[in-house]
Every structure is written in C-alpha cells, then in structure tokens.
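J.: Sequence:
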Amino acid sequence: MAVDPQGKKNKRWEHLRVPYRLVVMNNETFEEMGSYRLTLLNIYVAICSLLLLGAILIWLLVFFTPLKRLVPGYGDVTSSGEFIKIERKLRGAEEELSAYKLYYDKVRGLITGPQATEATETEMNTPQVQSDQGPVTRIPEDEELRDKVETEEALTISPEEFINSRKPDRELYEIYFVPPVNGEISAPFMPDKEHFGVDVLAPKNTPVRATMDGYVITSDWTLETGYTIGIQHDNNLISFYKHNSVLLKKVGEPVKAGEAIAIIGNTGTLSDGPHLHFELWQNGKPINPADYIRF
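When the letters of the sequence shown are read in order and numbered with our numbering, they come out as residues 12 to 306.
Wrong hints could be hidden among the right ones.
[Unchecked claim] Simulated restraints, written as ranges between beta carbons of each label pair:
#1 104 x 201: 50 to 58 angstroms
#2 197 x 234: 16 to 24 angstroms
#3 195 x 261: 46 to 54 angstroms
#4 69 x 94: 45 to 53 angstroms
#5 67 x 235: 43 to 51 angstroms
#6 202 x 115: 55 to 63 angstroms
#7 197 x 65: 52 to 60 angstroms
#8 201 x 231: 23 to 31 angstroms
#9 59 x 35: 55 to 63 angstroms
[What the hints assert, rightly or not] DSS-like cross-link-like pairs, simulated, lysine-lysine; straight-line CA separation at most 27 angstroms:
#10 112 x 267
#11 204 x 100
#12 112 x 204
#13 215 x 267
#14 112 x 100
#15 261 x 96
#16 79 x 96
#17 79 x 100
#18 79 x 19
#19 112 x 79
#20 204 x 261
#21 261 x 100
#22 96 x 204
#23 260 x 19
#24 215 x 112
#25 96 x 112
#26 260 x 296
#27 204 x 296
#28 296 x 267
Simulated from the structure, these hints should not be mistaken for lab results. Model, not experiment: these values are computed from the prediction. Note that the Cβ used here is the ideal one computed from N, Cα and C, for glycine as well.
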C-alpha cells in the first residue's frame, strides 16, 4: 500500500496546530492561577524569535562596541582611532620634551658658561709643547676657524637674549612689566586660598601679551586651567597665563615683551567666565602681580 506524502505532510501540520492548555496552579491549594492556550507551532515560533533576537543583540554588541576587538582577525589594534590619537599625543610630548631639553641646555650654558670653563681648563691642563726650534706658533687659519665655530654656537640664541642673560638681577620695582591684558581684577592674589595670581576680566578675543622677554617653557592644556602657557624670564621670573582659548606660541620659542602669546578664553574646570588668570613667580615663590603691574 503506497503512502501519500501529501497526506503525511498535512498530518504533521495539523499536529503542530493541535491546541494545548497550560494551567498554572497553586501547589498547596490547587487554585488555578492562570491558563494559557498554546500550540506546538506557537512554541516553535516563540523559540525561533528569541534565538533570532539574541543573535541580533550579540551582533550589535560585537560590531558597535569595543567587544569587536576580542574577535580574532577582526582588525589590527594599531589601526584604531584611539590608538592613533594616543600615538600622536606621545609624539607631541616627545617633541615638547626635546624642545624643553634644548632650551634647558641653552640656559645652563648661559648661566654656567661650560664652553668658557672647558676651554680654560683645557688650556690650564695642556702642557706647553716646545721643540728645539722654540714654541709652536698658532696658524692664523686655525684661529679663524675656531672663532667661526664659537660664534655660530653662541648665535644659537639671539644676541639680545645672550646679553640679557648676563645682566645682574634687578629689584622688581626696577623692572617694567607689560600688562598681559587691560581690565578689571575680578579675583585678587590670595595665596592662603591657593590662588597664586590675579584674575583679570577682558573682552572676548582679546590678545594676551607677554609681560617680559623670555622663552616659552610650557604650552599645553590641562583639565583645571585649560590652555596654559608659561614663560621663563630674567631675574629667575616665570609668568603663567591660564584659561586661554587659543595658544599662539610653542615650547622653546622666544617671545618679546608685549608680543601676543594667546587669546583670552574660558577653558578649564576652574574657570567660570572669560578672563585671564595671571601668575608671577620668582625663585619658586609666587608674588602679587598687582604690586608691580597696572592692569
């Protein structure tokens, strides 16, 4: 007797559509808590829907969250945007460190005069060489070459900076400080409250000027003070300009008194409005800028 495939298929379909009732009862009182009408087809559809939804959620988590980095062969970590940003920041830090080291070497050379000291010691420790024909005479061409090399090394900084660096320290009242900005002081110098400078109000986009000649020793952004720039001056003076919107100078650059070095702003968590926080330090101690500068 032949089996009808169509009839067998219909029988399976009808079996899937046979209704069942799921009754939820209290185990102690046998009270009926709920009743649900189900079929095998409904159960299969519900299970497949849950599996499909779970697969979609897993796919979204893997491809739209950092979990995708855990997938073998997904991609090189070095090609990610965050890695590239970190690499750029490290390169920038290396460049700033190199510039600061170069500046430090120049300042140390100006203060201690290593070339002059080494030359003097060499001359003192070198014995006088004499021959049977008398002392050895110096060749003029060698003297000219030596003078040329020493001149080129000395000119790695500007002549004015070279001269100023050798000026004796002056009293602060003898120094003319250029006001970084002109405006009203909104917060005075209060070292007891760790406010080591003055806050000066000025219109938006006002340029911030260097108070003296010097070299930029820091030009960076911090969470609390925003865009900050610091300058090393003569007389062991250092000035800081904080909460700027834009920095115009980089580490190692020379600046002149009155030259624009930044634009006033409102950056950093410690700022509550557009202003300039200006600090003046000497020998590692803060001094009140308002005592020497007329804002």
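J.: If a hint holds in the structure, say so; if it doesn't, say that too.
T.: Okay, the hints, checked on the actual structure:
Taking 50 to 58 angstroms as the suggested C-beta distance range, the pair residue 104 and residue 201 does not conform, at roughly 33 angstroms. Between residue 197 and residue 234, the C-beta spacing of about 22 angstroms keeps the proposed range 16 to 24 angstroms intact. At about 31 angstroms, the CB distance of residue 195 to residue 261 disagrees with the hint of 46 to 54 angstroms. Separation of residue 69 from residue 94 is about 25 angstroms and departs from the stated range, judged on CB atoms against 45 to 53 angstroms.
With their beta carbons about 44 angstroms apart, residue 67 and residue 235 fall inside the hinted range of 43 to 51 angstroms. At about 28 angstroms, the CB distance of residue 202 to residue 115 disagrees with the hint of 55 to 63 angstroms. For the hinted restraint 52 to 60 angstroms between residue 197 and residue 65, the CB-CB distance of approximately 59 angstroms keeps it satisfied. A hinted range of 23 to 31 angstroms for the beta carbons of residue 201 and residue 231 is consistent with their spacing of about 25 angstroms.
At roughly 24 angstroms, the beta-carbon separation of residue 59 and residue 35 lies outside the given 55 to 63 angstroms, and the hint is violated. Between residue 112 and residue 267 the CA atoms are separated by roughly 21 angstroms; this keeps the pair inside 27 angstroms, and the hint holds. A hinted pair counts as satisfied when its Cα atoms are at most 27 angstroms apart, and residue 204 with residue 100 does not qualify at roughly 33 angstroms. Between the alpha carbons of residue 112 and residue 204 the distance comes to roughly 33 angstroms, so the proposed pair goes past 27 angstroms and is violated.
For the given pair, residue 215 sits about 23 angstroms from residue 267 by alpha-carbon distance, which is consistent with the 27 angstroms threshold. Under the criterion of a C-alpha separation no larger than 27 angstroms, the hint pairing residue 112 with residue 100 is consistent with the structure, at around 18 angstroms. At roughly 20 angstroms between alpha-carbon atoms, residue 261 and residue 96 fall within 27 angstroms of each other, so this suggested pair holds. About 19 angstroms separates the Cα atoms of residue 79 and residue 96, which keeps this hinted pair within 27 angstroms; it holds.
Our distance criterion of 27 angstroms between C-alpha atoms is met by residue 79 and residue 100, whose separation comes to about 25 angstroms. Our distance criterion of 27 angstroms between C-alpha atoms is broken by residue 79 and residue 19, whose separation comes to about 47 angstroms. For the suggested pair residue 112 and residue 79, the alpha carbons sit about 41 angstroms apart, so the restraint of at most 27 angstroms is broken. For a cut-off of 27 angstroms, the pair hint linking residue 204 to residue 261 is broken: about 31 angstroms separates their Cα positions.
Distance check on the hinted pair: residue 261 and residue 100 sit about 15 angstroms apart at the alpha-carbon level, within 27 angstroms; holds. A distance of roughly 37 angstroms separates the Cα atoms of residue 96 and residue 204; the hinted pair therefore is violated under the 27 angstroms criterion. For the given pair, residue 260 sits about 86 angstroms from residue 19 by alpha-carbon distance, which is inconsistent with the 27 angstroms threshold. Distance restraint check for residue 215 and residue 112: the Cα-Cα separation of roughly 35 angstroms exceeds the 27 angstroms cut-off, and the hinted pair is therefore not satisfied.
Note on residue 96 and residue 112: the hinted pairing holds, with a Cα-Cα distance of about 24 angstroms set against a maximum of 27 angstroms. Between residue 260 and residue 296 the CA atoms are separated by roughly 25 angstroms; this keeps the pair inside 27 angstroms, and the hint holds. Among the hinted pairs, residue 204 with residue 296 is consistent with the structure: their alpha-carbon atoms are about 15 angstroms apart, no more than 27 angstroms. At most 27 angstroms may separate the alpha-carbon atoms for a hinted pair to count; residue 296 and residue 267 meet this at roughly 23 angstroms.
Going through the hint list in order, the structure does not satisfy hints 1, 3, 4, 6, 9, 11, 12, 18, 19, 20, 22, 23, 24.
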